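Student: Same order as they appear, the protein sequences are chains A and P.
Letter by letter, the first sequence follows residues 1 to 288 in the numbering used here.
Letter by letter, the second sequence follows residues 1 to 288 in the numbering used here.
To be clear, the hints were calculated from the coordinates, so they are not data collected in a lab.
As the structure is a prediction and not an experimental result, all values here were calculated from the model.
Be aware that one or more of the hints could be misleading.
No copy is singled out in the list; a pair is fine if it fits within one copy or between any two copies.
Here are the simulated SDA-like cross-link-like pairs (lysine to any residue), alpha carbons at most 20 Å apart as the crow flies [said to hold, decoys possible]:
id	residue 1	residue 2
1	K285	D223
2	K153	L112
3	K161	G116
4	K90	A156
5	K153	P178
6	K285	D215
7	K153	Y88
Protein chains: 2
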Amino acid sequence: MAPLFKQMTIAGVGLIGGSLASIARREGLVERIVGLGRSQTNLDVAVERGMLDAATRDPAEAARGADLVVLAVPILSMRPTLERMRAYLKPDAVITDVGSVKGWVVRELEPLLPTGVALVAAHPVAGKETVGAASADPELFRGRRVIITPSAKSTADAIAKVEALWTAAGACVIRMEPDLHDAILARASHLPQIVASVLAAVLAEERVGGLLAADFGASGLRDTTRLAGSSWEIWRDIFISNRDAIVDALHLFGSAIEEFQELLEIGDLTGLERLFNRGRAMREKLVQ
Amino acid sequence: MAPLFKQMTIAGVGLIGGSLASIARREGLVERIVGLGRSQTNLDVAVERGMLDAATRDPAEAARGADLVVLAVPILSMRPTLERMRAYLKPDAVITDVGSVKGWVVRELEPLLPTGVALVAAHPVAGKETVGAASADPELFRGRRVIITPSAKSTADAIAKVEALWTAAGACVIRMEPDLHDAILARASHLPQIVASVLAAVLAEERVGGLLAADFGASGLRDTTRLAGSSWEIWRDIFISNRDAIVDALHLFGSAIEEFQELLEIGDLTGLERLFNRGRAMREKLVQ
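The whole structure should be built from the sequences, with the hints applied where relevant.
Tutor: Structure follows, in structure tokens:
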């Protein structure tokens, strides 16, 4: 079988980019894999692990000859990265990304594309807590959802190739409008992150009678605040690039917290039970 | 060593009561253990597993001869249970409990105590997801905190005995005022439960473009909503009996959610970063 791409360039050889390189290699999808990065140490790790054929910190060098460019850098770094690569892209190159927000990415990148260059934005929905090429894992996406958000600059051929890459990774590929993706992820992913961070922030210094309340939490507090350990740098970009949808999701949640509080204050046990059991039903469906 | 109590009666032989019975037996703290329950099937399990010397569904029979009575029933069932036992208690019996709320328990039970009978309210802070005597585990409390909340009807001797029971269970015993306990647990335990339940309830039927948002959550959504699977019956009692402290905790949290939303709307990244990183700092301390 001929490889899908002759050369694949990965901008940002972290957990996601590095895992994708390992998969492309293992599945024989590409002949040559080039990594673009800022940290020479991290690039060296990726080369040593056999994930890359070449590594560079020069966007022009990384762009040259690439049939597929994967932008695996933080969301707000995508535009400047592509700006530095665009003059050196092949006229039929395909650009894709792995960002958690899609409308912003499409709107930022499409105007930069030279004629003939296609964009197929994508989001692998994979839980991740480690960073860097050292933690790359070719099994990272198996059984996970990858959401492809075709837009004006997506050709049928480019979509098919990007989908083939993710299918080879063992992921379940689905297509969605970019803004629909962002509204859904604001609720299913960005909201839980904020809820966990705010709960942890509220308890960070909360003392009663001189005692730190958080010292008396059990496993429930640990689970509910686990996401609060996430990196600000990654989430800053998500908050900026998906602001409106996140504000909507926070409205929904804030109103429900207020409703719970009011039901509790007036002692409406029927209302509380309904709200509580709606949560339990969702949870039971989730763990099925 | 002489046993701490000749007879210990456990009202409610579930996970907590059953585990406590197993510990008392293993450590030789009591000569005879009697279980009081409503479900004959569950009592039979406890007898078969050697946790009880006798099992009954009659409060009078359970009360007779008990040196220690452990109320391990839901919080709102404690008063009616003790009402049915009180006429048959030994004049020097010690009453204790394992409820998650302490001020209410002390206020409800103290007026019922015959002269000479002591009350030492206690709360083992142990994460638990299973129920019934079948899931009892003598290691359940090892390394956990047990909060003892002495009150007007606690004698020094009774406190010492109840603390000795929990120390034998491998728990770390601390003392606290009942209302201080409730304010702290409202923040560290009851608030996370409500946050998880409300988040899950909000997402239960939340659809965008016909798609169920919760279907697109990853491990973060699962962790943050894990507590939403808890039993309404247990939490109803906690919500009723610790209402004021929980309302205070919800105020704190609701205001912080509102603050986050406002910072996001005006694009105050410095403020968002401060809030986010306060959460991360709490989290890092929690996992140490």
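Student: Please go over all the hints and tell whether each is borne out by the structure.
Tutor: Hint check:
| no. | hint | in the structure |
| --- | --- | --- |
| 1 | K285 to D223 | both (19 Å within a copy, 14 Å between copies) |
| 2 | K153 to L112 | within (11 Å within a copy, 77 Å between copies) |
| 3 | K161 to G116 | within (16 Å within a copy, 82 Å between copies) |
| 4 | K90 to A156 | within (18 Å within a copy, 84 Å between copies) |
| 5 | K153 to P178 | within (13 Å within a copy, 65 Å between copies) |
| 6 | K285 to D215 | between (32 Å within a copy, 9 Å between copies) |
| 7 | K153 to Y88 | within (19 Å within a copy, 83 Å between copies) |
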